[in-house]
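Participant: The primary structure of each chain is shown beneath.
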Amino acid sequence: MNIEAYDAARNAIQKTGFTPEIQTKISLFLTAAKNTNALFLGAVELQPFAGVAHQFLHTQYFHEMEAIVLLTKVTQWASNPRIYAEAIRITAPIWNDNRMVPGFSGTNSDDPSSFYRGLALGHALLSQVRLTPIIPADQDETNAYVVALRSIEQDNARMIQTQINLLRAVSPKLPKEDGEALVEEKQEIVKAAFIQFLEWLGKS
Amino acid sequence: MPYINIGKNRIFYSIEGDEGRELIVFINGLTQSTGLWLTYQEQLVKYGYRVLIYDMPGQGQSSKPVLFIPLEEQAETFIKLLDELKIKDCHAAGISFGGVVGLHAAIRYPERIKSLIAMSTFSEMPAQLEMLGNALHSAITQAGFPLVQALLLPMNLSSPWLEKARPGIMEMVRKGYASNDPYAVQNLMESFVNFKPFTDQLARIRCPTLILNGEFDYLTPRDTHEIIRRNLPTSRLMIVQNGFHAFTLEMPDITIRIVEGFLRCVLEGKWKGDQSVWVASDNPKSEVYATRCIGDHMRAVFLGTGKDKQFSGEIEEWKLPLPGKPLASAPKAIAPQKAFAETRKQTRSAAIKAKKTS
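The listed protein sequences correspond, in order, to chains A and B. Anchor point for the first sequence: position 175 equals 175 in the numbering used here, and the numbering is continuous, going up by one each time. If you want the numbering used here, it's the position in the second sequence, counting the first as 1, plus 1000.
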């Protein structure tokens, strides 16, 4: 990950604290990430199968929803419409990638890699979007917004275990190398968007 | 920054020192990256060596295989890196996870490894190490990488070092978290799920091998190194005084002195792989490189035995009768306050006597 981008974001927050503008930027990106994963998980909810994998994905779906609700509650939303417009631009590649997962977005669920793609996107979102390094060292740790960020990040570390285990175990008739390549592709998409987001935060 | 593609992985490396010099390769521990060897690279290049450092797949700036990183492939990657760089053979030094990779390479590619330094490492997992590994794995899967960092720091480093580094530790942890991909670290950890003990293959290593073990290494204590020493005929075990698991980070000056001394011995043909045990000098500027370990090197406390000539007749013995034997004189039933006053009186008169004598 790009340390310079992290440092710039952290330094910006150190100067001003978690202003409504900064909170809005973070929450818009984070909710986009959570919503994208939840869309796939929600689609899985509708699939006609039930098993251990379903149970884990079902649980994760509600955890993602909880995170979104938590952010909605703790964020002091800014009124500047340009922030929202820019957030849409930055998160567009992630939203765009969501079209590749099966379910109500209409892709062909006979494609053996479609379920894998959804899991891979979730894996990338849960692993690449790490926000605690932007929290300044002298930040009040009891600040509600900081508490929420830390809590979401810790939950991500637990949730990603579902993706890691299913990506290894699921056999979507994909050769191992193809599976790896798919996962790596999603990592790159999310990483690029996340670095752009950090740079945007650094300019706050 | 130089990268080389090996299979589907992009490997980050750095090589310094003129071609034709003796080359030593440093192999990282689990959560390390090349940055931690930069001092070593700089110093050893000054001393006339060529130094190669690299990030294994899953580490630092190299590719992060997302799902699978077989442990066995790490030694192959190391050798393929040498191939790509047109390096026929080398000296290798690996710590912890990197020590395992170094040992694997020396077993499977003996013609490529001229000498080996195996630091804070193991060839099989005693129960304690296995359980610690499991605990760290639980930490990363249930609470995330920051907890692993929080556990590894005090596990692998000494209090004096931590105390000195305290003001910068939070930033160090933050950078470590931001620059490592936790899933890749988890993959590296999980590559040990299929770990096969290879102690029975150690005898196949023919090159001079120095085994380095920190005196107070908690993660890989003396016994894991002792197993290697006993089974590797060309080895010597050296204990690094006051060293913890990550002594290469804590005491680079001493470790560089040890590494350079070892290479010197090997290159001058003076290496004796006699499975003896030594204690490294704690002064990197001393000509005394190490002293032979006397007593039982497996013990945490030093035990002088009758065989140690330099200690015979000098070891003070504190003798007390065994329990159950009658007291030399009947106990005096005195009040605690009086006993305290009595003790103070005795201490004071002893101090006055000592002052007069001096």
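Wrong hints could be hidden among the right ones.
[As the list claims (entries may be wrong)] Pairwise CB distance ranges, derived in the manner of DEER restraints:
hint	chain 1	residue 1	chain 2	residue 2	range
1	B	R1108	A	A169	25 to 31 Å
2	B	L1151	A	H58	27 to 33 Å
3	A	T142	B	N1194	40 to 46 Å
4	B	Y1003	A	K203	45 to 51 Å
5	A	A169	B	M1155	42 to 48 Å
6	A	F62	B	V1301	54 to 60 Å
7	B	P1110	A	G42	55 to 61 Å
8	B	Y1003	A	V69	50 to 56 Å
9	A	R89	B	S1159	37 to 43 Å
10	A	N80	B	E1042	46 to 52 Å
11	A	K203	B	M1298	55 to 61 Å
12	A	F62	B	M1155	31 to 37 Å
Hints listed in this document are in silico derivations from the structure and should not be mistaken for laboratory results. Backbone N, C-alpha and C define an ideal beta-carbon position, used for all residues, glycine too.
Participant: Now, for every hint given, state plainly whether the structure supports it.
Facilitator: How the hints compare with the structure:
1. In this structure the supplied range 25 to 31 Å holds for B/R1108 paired with A/A169, their Cβ-Cβ distance being about 30 Å.
2. Between B/L1151 and A/H58 the beta carbon distance is about 32 Å. The supplied range of 27 to 33 Å therefore holds.
3. Distance hint check: the CB atoms of A/T142 and B/N1194 are about 44 Å apart, consistent with the given range 40 to 46 Å.
4. Against the hinted window of 45 to 51 Å, the Cβ-Cβ separation of B/Y1003 and A/K203 comes to about 30 Å, which falls outside the hint.
5. Here the CB-CB span from A/A169 to B/M1155 is close to 31 Å, at odds with the stated 42 to 48 Å.
6. At about 55 Å, the CB distance of A/F62 to B/V1301 agrees with the hint of 54 to 60 Å.
7. A hinted range of 55 to 61 Å holds for the C-beta pair B/P1110 and A/G42, which are about 56 Å apart.
8. Evaluation of the 50 to 56 Å hint for B/Y1003 and A/V69 yields a failure: the beta carbon distance comes to about 43 Å.
9. Checked against the given bound of 37 to 43 Å, the beta carbons of A/R89 and B/S1159, roughly 50 Å apart, lie outside it.
10. Distance hint for A/N80 and B/E1042: a CB-CB separation of about 49 Å, consistent with the stated range 46 to 52 Å.
11. Roughly 59 Å separates the CB atoms of A/K203 and B/M1298, a value that falls within the hinted 55 to 61 Å.
12. At roughly 36 Å, the beta carbons of A/F62 and B/M1155 sit within the given window of 31 to 37 Å.
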